[in-house]
Each structure stands twice: as C-alpha cells, then as structure tokens.
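Q: Put chain B on the given structure of chain A with help from the hints.
If you read the sequences in order, they're chains A and B.
Mapping to the working numbering: the first sequence position 46 is 46, numbers consecutive.
Count along the second sequence from 1, then add 1000; that gives the number in the working numbering.
Keep in mind that the hints were calculated from the coordinates and are not lab data.
Accuracy of the hints is not assured; some may be wrong.
[Said to hold, decoys possible] Pairs of lysine to aspartate or glutamate residues, derived as EDC-like cross-links and limited to a Cα-Cα distance of at most 16 Å, are as follows: (1) Lys150(A) - Glu1084(B); (2) Lys1124(B) - Glu1195(B); (3) Lys41(A) - Glu1187(B); (4) Lys147(A) - Glu1187(B); (5) Lys1159(B) - Asp118(A); (6) Lys1159(B) - Asp119(A); (7) Lys1075(B) - Glu1187(B); (8) Lys1119(B) - Glu1163(B); (9) Lys1125(B) - Glu1195(B).
Quick caveat, the model's predicted, so the values are computed rather than measured.
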Amino acid sequence: MFHTFMNVISLWALPVIIILILTVGLFKKVPLYETFTDGAKDGFHVAVNIIPYLVAIIVAISMLRASGIIEIASQILAPALNLFNVPADTIPVMIVRSLSGSAALGVFSDIAHTLGPDDYATKLAAIMVGSSETTFYVLAVYFGSVKISKLRYALIVGLIADFIGIVAAISVCNLMF
Amino acid sequence: MNYIFYFLIVISIVFGAINGRLQEVVNSILSGAELSVKVAFSLIGIMSFWLGIMKIAEKSGLVEFIAKVIKPVTKHLFKEIPEESTAIGDIAMNFSANALGLANAATPMGIKAMEELQKLNKNKKSASNAMCMLLAMNTAGFQLVPATVIAVLIGIGYKNPTEIIAPTLLVTSITFLSAIILAKVFEKFWEPQKEND
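Chain A on its own, in the form it takes in the complex (with noise of 0.2 Å):
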C-alpha cells in the first residue's frame, strides 16, 4: 500500500512540477518559449565550466579506488569496527560514500546479490546508501559551476556529516533490525 503510493509519488513529482510551472507561466502571460530557449542556453555553459572540476575531483578519487586503499583500510577497521556489530562487507560502503556514487551503489548491489535479502549486511549498506549523497561530486559541480575553488569550511561540513549519518545508521540498524 505504502509502496504504491510512494510509486505514484515518484511517477508523478515530475510530470506535476512541470505542468505547474508551465500554467502559471501561462497564466501571468510569459513568453514561454522564448523564456524557455533564453533559460536553456546556459545548460551547456554550466555543464563546460565544471569539466575543469570534475576532471580534478573524479580523477584523484579514480586512483585513489586503483590504488587498492579502500580495501587496505577495510581490512584495518574490521576488527574495531565489529565491536559495533558492523559486518566487514559493509566497511567499502562507508568509505567509499562520499567519494563516488556509483562505486557505493556498485558495492552495495554486489553485498545484495552475494549475501541475499535477510543479511544484516544487506540491510545496513541499503540504509548507508540509501541516506547519503556524494560530497566530494556536489562539491565539484555546485561550486564549479560558479568557479568556487575556496572552499572555507564547506568540505569539512560536508564529511563530518557524512560521518555522523555513518554512526546514525549503525545505530539505528542495530536498534531496528
């Protein structure tokens, strides 16, 4: 029931938002096409202006991943770790989060299929992954869209919170499931 509804939800955000945008457009009389067009032809300078950004950020955390480290540091915080009654599988998870998306979503896929649905550490890299947004590439492309290269405290902001969902979602999955 929950399901379906929050299934309508996501089918229909979309599809609202824009037809709502559009009729009060219409409505207060904007020239919607030619508004539309003038908007959209910053898209593409958006999207040249972060490359500079993002070849920095994606590349240093592409060697990074190469290197082989994650796995190095996985092995080193596994024994204290567990105290917490983290499972080791779920240690990349943690690390590599704030770093890149599809890696998380990637380790988290592969902790599914080869441990199954009624894994613990299944159900705690679903609720790391699912909670968290990947700091270092929100940093690059919202600051490099408007060539930000101080950062001041924005980064640091960025992973104690990272950090601290880390700890929020060991607890809560230790209290839930």
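A: Chain B only, in chain A's frame:
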C-alpha cells in the same frame, strides 16, 4: 583543498606502487578524466531543460512566491541573502526536488541557486557562508524515499523492501540536521571571507 588534492594523488601513487597496482593507478587517470567529461556532457541536455523551465518559474513570480512562503525557516539559515534575491526560492526548489529524489531536476535548481548566491558574493573565488550552507544541505542528501536502493532490494527478491524506508529516513534526517547545525557553527568560528585573495 590544495592539501586534499595533493594527498589523494600522492597517496594513490605511492600506495599503488607498494601494492603492485601502479599500472592500474596510471590507467585510472585516463579513465577518470574520460568519465568526468562524460558526466559533464551527459548533464548538458537535462541541465538545459531544467534551466529553461526554471527561467519560466522565475519570470512568472513562482520562485519569489515560494521564497516568501518558506521565509520564516530560511531567514535563519541564510542571513546574508537580501529580500529581493530569488536565491531563496531556488534553494527551496532544489531542496524539494532532492527530497522527492528528482536528482536530474535538483542539480540544475541547485546550480541556479549557486549562481544567484555568486551575484551576492563579495569574493568570487571563495565560498560565501550562504554557499557553504547550500552545499551542506546538498551533501547531506536528504531524500524521502531511496528509490535506487529499493530497486536493488526488489531485484534480489527482498520480501518487504519498504521496511528500509523508515530507518533510512531517520538516518538521512539526522545527517541533514547535523549538516545544517555544523554549517551554522563553523560560520561563527571560521575566519570570515576576505574581500580579495
């Protein structure tokens, strides 16, 4: 960021060498660079579409209206933004799109908001307090329903995939609130923005 960039790359190379994976590390430079351009180019179409739609929303006064409605909440979070800026409306739309899991729409809206904040920024190279707050809201990734994760769970035959929604929502709310509080705390203690550097 200078140190992080330096250490990410140097650690990868040194560790890759020790680990006997230097070739993979070198190859990843090319694949990472290629991926960055692919990601950027894949954004062009959808970015253009939403920036066009957002322009209509802005011209019709819809963005301004949304900004007025949520003013009581946002005036505490974004103190520096003046009344007449449409940034608050863009931020509200970015947040709503994120919450609904509409990443394709959320990113252009967030970028639109960043551009508005950049107009108000006194140092165009460095992030203003408002920009750091907007980034904190986005990196925390508040989302009502984790659709992709549920799709994977359904794929492996998870009996009741919706049982994951409540705990995820709880965790994502905790993260989101912490990010906002942290951004506010850091705003107080961090060195204020310089006019030029």
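Q: For each hint, tell me whether it holds in the structure or not.
A: Consistency of the hints with the structure:
1. Lys150(A) - Glu1084(B): Answer violated: Lys150(A) to Glu1084(B) is near 27 Å, above 16 Å.
2. Lys1124(B) - Glu1195(B): At roughly 9 Å apart (the allowed maximum being 16 Å), Glu1195(B) and Lys1124(B) satisfy the hint.
3. Lys41(A) - Glu1187(B): Violated, because 35 Å separates the two Cα atoms, which is more than 16 Å.
4. Lys147(A) - Glu1187(B): Outside the cut-off at roughly 21 Å; violated.
5. Lys1159(B) - Asp118(A): 9 Å, holds
6. Lys1159(B) - Asp119(A): Holds - the C-alpha atoms of Asp119(A) and Lys1159(B) are around 12 Å apart, at most 16 Å.
7. Lys1075(B) - Glu1187(B): Between Lys1075(B) and Glu1187(B) the Cα gap is close to 15 Å, so the pair holds against 16 Å.
8. Lys1119(B) - Glu1163(B): Between Lys1119(B) and Glu1163(B) the Cα gap is close to 44 Å, so the pair fails against 16 Å, i.e. violated.
9. Lys1125(B) - Glu1195(B): 10 Å, holds
Checked against the numbered hints above, the structure violates hints 1, 3, 4, 8; every other hint is satisfied.
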